[in-house]
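Visitor: Residue-level listing of the chains:
Number of protein chains: 2
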Amino acid sequence: MVKRYLSLCSLEQALSLMKSSFQAPQCTEIVSLTRSTGRVVAAPVYAKYSVPEVNISAMDGIAVRSRDTVGATDREPVTLEVFARVNTGNIVPPEFDAVIMIEDTWEVGDRFQIRKSAAPWQHVRPAGEDIREGRLVLPKGHVIRAFDIGALATYGITHIEARAVNIGIIPTGSELVPLGVRPGPGQVVESNTIMAQVFLGAIGAKCTRFPIVSDDPDLIAESLLAAAKENDLVIISAGSSAGTRDFTADVISSLGELLFHGVAVKPGKPVLLGKIQGKPVLGLPGYPLAAQTALREFAAPLLESWGFPPSPKYPVRVRLAQALTSDLGFDEFVPVFVGRIGTTLWGTPFVRGPVVQMATVKANGYTHIPAPVEGYETGHELDVLLTTDPGSVDRTLFFPGSIDPALEELAAIAHDEGLFIHASNVGNDGGFFALRRHACHAAPVSLPIASPLFSTGDPFMQHRPSRDLAFVHIAKIEQGIASRDGIAFDDLPGVRFINTRKDSSSRQVFDALLRMRDIPAARINGYLQEVYGPQAVATAIRNGFADAGMCTSGIAGKYGLRFVPLAYENYELAVQQEMLEDPRICTIIGLIRSPSYQAVLKRIGGYDVSHAGIIRGMADDSTLTELSPTAPPAGYPGT
Amino acid sequence: MVKRYLSLCSLEQALSLMKSSFQAPQCTEIVSLTRSTGRVVAAPVYAKYSVPEVNISAMDGIAVRSRDTVGATDREPVTLEVFARVNTGNIVPPEFDAVIMIEDTWEVGDRFQIRKSAAPWQHVRPAGEDIREGRLVLPKGHVIRAFDIGALATYGITHIEARAVNIGIIPTGSELVPLGVRPGPGQVVESNTIMAQVFLGAIGAKCTRFPIVSDDPDLIAESLLAAAKENDLVIISAGSSAGTRDFTADVISSLGELLFHGVAVKPGKPVLLGKIQGKPVLGLPGYPLAAQTALREFAAPLLESWGFPPSPKYPVRVRLAQALTSDLGFDEFVPVFVGRIGTTLWGTPFVRGPVVQMATVKANGYTHIPAPVEGYETGHELDVLLTTDPGSVDRTLFFPGSIDPALEELAAIAHDEGLFIHASNVGNDGGFFALRRHACHAAPVSLPIASPLFSTGDPFMQHRPSRDLAFVHIAKIEQGIASRDGIAFDDLPGVRFINTRKDSSSRQVFDALLRMRDIPAARINGYLQEVYGPQAVATAIRNGFADAGMCTSGIAGKYGLRFVPLAYENYELAVQQEMLEDPRICTIIGLIRSPSYQAVLKRIGGYDVSHAGIIRGMADDSTLTELSPTAPPAGYPGT
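So the sequence lines, in the order shown, correspond to chains A and B.
If you read the first sequence in this note's numbering, its first letter stands for residue 1, the second for the next number, and so on.
If you read the second sequence in this note's numbering, its first letter stands for residue 1001, the second for the next number, and so on.
Since the hints were derived computationally from the structure, they do not count as laboratory data.
Each hint should be verified, as a subset may be incorrect.
Derived lysine-lysine pairs resembling PhoX-like cross-links, with alpha carbons at most 25 Å apart [stated by the list, open to error]:
id, chain 1, residue 1, chain 2, residue 2
1, B, Lys1362, B, Lys1313
2, B, Lys1229, A, Lys602
3, A, Lys362, A, Lys558
4, B, Lys1266, B, Lys1206
5, B, Lys1206, B, Lys1019
6, B, Lys1279, B, Lys1206
7, A, Lys558, B, Lys1048
8, A, Lys275, A, Lys19
9, A, Lys19, A, Lys266
10, A, Lys206, B, Lys1206
11, B, Lys1266, B, Lys1313
12, B, Lys1048, A, Lys362
13, B, Lys1362, A, Lys313
14, B, Lys1266, B, Lys1362
15, A, Lys48, B, Lys1558
16, A, Lys313, B, Lys1313
17, A, Lys502, A, Lys476
18, B, Lys1266, B, Lys1019
19, B, Lys1279, B, Lys1019
20, A, Lys19, A, Lys229
21, A, Lys602, A, Lys558
22, B, Lys1019, B, Lys1313
23, B, Lys1206, B, Lys1313
24, A, Lys48, B, Lys1602
25, A, Lys48, B, Lys1362
26, A, Lys362, A, Lys266
27, B, Lys1275, B, Lys1229
28, A, Lys229, A, Lys266
29, A, Lys476, A, Lys602
30, A, Lys362, B, Lys1313
Reference excerpt, derived from the structure (chain A facing chain B, CB under 7 Å, subset only) [stated by the list, open to error]:
id, residue
31, Pro25
32, Gly128
33, Ala146
34, Thr154
35, Thr158
36, Val189
37, Pro312
38, His415
Using N, Cα and C, we set each Cβ at its ideal position, and we do this for glycine too.
Can you make the complete structure from the sequences, with help from the hints?
Guide: What follows is the structure, given as structure tokens:
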């Protein structure tokens, strides 16, 4: 039996119900000063004494009574009988109310002569200049910053009463294994409660993770009761979908009250909220990105309504690099990668569904598409909340295209130059498409080596933009057939093949060879089954889903597969000519040319780097020029 | 002998010299996953296995070989012999490449009939959908976020190799006492190294604070050598000014090399950088705000050049609420309070010098005035970097004026409504001045109770803006003479008096009484010595700097002083009429009217709250109307 959600309420209704149903717990904790950064002050902090506590001299000189100095001039100097010698920082004794700089005095025996009167309190740092005893230092609700701690220490404050909240987090699911155990087939690491613990801990919550509970209503009930007893908020992970093993909603109903189950939010629809023993119980959906939505859009706002600090938000306005569709009536949250090309911030949404956690890892922001919106066109401007330091956006290069391990190595050394390469595996076509829109910094592409095999009629050539492009050579890569058993091209009709996408270099080679040998595609079992790039091919073969496929020698070796070479491809970085002047691209070219990077590729194996860093243009709009050494522009590093 | 700085170099030169003189230490640390938020990845993280590791069904149904389904239609159903029953999340056995939803099948005995062919890989979550074995999860340099940790846990990663840096921090100064010891006269708590530890710790540094070293060159040298041996960076606090007890520069020169001493930056001019045993040694100036500059503008950028994350920066564009002067040739950093009035962000700079730490505590941002700039006019637009959550700016009310403890209590309860009151003690004049420019939300003012004593000719009246103002009554406060010994008004000529500023209510009362009794101001010893408000008066009397002064009964009582009543003042919140519609001001008025707030004031004592929350306008441009109950606008909370 498939259960239904009680009802699907809107995000706004759900949040309003949540915030109005629970009072802030009156829980505080004494925190030592050095551990108080980011904590919220629970009781106002007052100064215990004045700083400075007494009047202090701001100069080297003499402390005087200002009334004794009245009338002193060059023509009628005054000789002071009552004074005290003071240095900067010394106490000004209570009987004095001014300091005269030593340069403005003349010693006359054991007395001082002055030729100008002193204004009351001149050169005196009055007691209480910084703060006065009993005055408010931090109001309730202040979020403590590092530099506040310096002031608090100066004022003698050693501990802070901070807001506290105890959160019990219960993982449920029979398919879960704890972190540190390698999951078997069909199992997954119990990661959502770890994420919840870290996320909520950063807000100032004290989180207790409970042991994993299997899909058993009685055990779930037992754990929920224990967690509600000891905590101010209970979070229960998974079991809230509408499946046959999803007991969370029913158990909460039986122990207390279910406030909502199912919210028109994506990802995150199965989120639920209940009340047990007066305590809120938030049910996280099981899919990781849905759990993130529930934590960020429900748990964090609840804590915020209880006086905890909001997560920092850095909104930026971006143009969409690709169209984005959204379900009408659902508030959607979509991970976005933001990069600056020229003066424009471009946002590339990740729309690979709620289980692909790499989407949030690769994204540096997310956008909220309101319920009444059905989507946006390419080029539409919208707000993105960054999840990284905003400054890092300008240090990030977006390289969509064909991803080879050579690019990952390039990214690793680029970071030492302060640059992040964000690579997304969209194939040659995807890379050229982004280049044409100026929506990326460069596109890594794997181009078949110019040979009689390839004509301008090949589909690959259709998408290649014209002469405003330049190609920076990274390496020549050997490609051929990977298999567990050393399968050669001619053996293919008898085995399970796995193909690569039409726009890939390996597919170009493969199709050309089929044509040359007059082998119909239909004879290749698996010809229609396309994956992205050589790593996907190698994985499929290694895991037994296919017997052979086109791969590079390096990746085949890395996956422990045998390899029969067929051809070469050029792995190159395609850029708009104008980007050759971008200092970040200059740095990348310098790195491609560096002996240390080339040494890394040689160590991996399968790369010919003898032309690395050579830049070539297009001879005309449709054919590739021969690879030829082109003088690199002046000023490039590494030349 | 006064020593000179070796030479004053520009901020730019100093930073460039600093970054080029030291290589990043190759120091890393293994951090457990749950403690890795905010840490920087030191070695690329690769996936240990694919997720999912095998093909998974995305639906409840049957796993099939897609080639068996070719040709199935309603008219020619196909009956499958080879299949496997699967539920969502189940493994799709390797021999199958598609899943057909159970709704699209018809059971025929122990077999299934279908009426539509299945596309290869339909309803299958392919192995490696999230990530493939061996693929890059996090590049070197990635700063780990809470949601990354969920992904890392899923991929079986339990520990991270993170960048690490060891910093030794040495406090110097014979006047220092450690935190927890109450400083005697002329002593201060050693707080700058605590601030450094917390600030640098948040960036990911492991800081070791050394014991306090007194001003002795040999002891300083010993401590510097020990710190340089064990750490990647040494920070030495104070002793770098040009005074006679400032040995830091000389000691560093003798042990190694002094790279710069004295930078054209304010506050922070005495900052120095040296090299001992190849390690950088940064000398922090002793004044707290100068030390902050050195930490934020030197230590943090050095760590950033070593690959540590920059502190988050939230730039906002603000209009200056008051003019700001700057020394030509110096890069200046000025704490700023930013508040939103209507649609404009207003910035009020704090210019009280490098020892007043309360300036940074009260500020929510700071601005950098470049060296070639001499200052800005009121209304000038400039960039401020916020030091608090940007969202908090809209929840903050700026209340400059006369600060009474009643306002601090109001601030404390306002926070429970999500509002921060930022109060700055600038007197009635300062409050009215800000109100006139619309550069504050409201001004707390202490107005003398209308009486024959006060005429429109009083200087106090000059600054009061006209009929577009409204006054929200907070309390009637008793004022009179505070002293240790019960001094009355007529006793004043014989004692040391401490006066309050001309724009204060107590000064109005005092001057009026002098006039009524025909006492010349010159007969009052201390008449010219003015401080801000009653708390400053009470502090001065309690600390023995004066014998008597005008104060409120509540504050006199709090400070343990005797009190002789003379008159009353109205403590009121002056607002622009239009602000009465601002929901935040409505909330504040509701709080002033709340029985709980009034109970707090009664408990403190000295407050008459019988008219609290009554709003009155100005009868004409120059006189105060009688206090009379005015019907509050509809919709106010608490009415």
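Visitor: Hint by hint, which ones does the structure fall short of?
Guide: 2, 4, 28, 31
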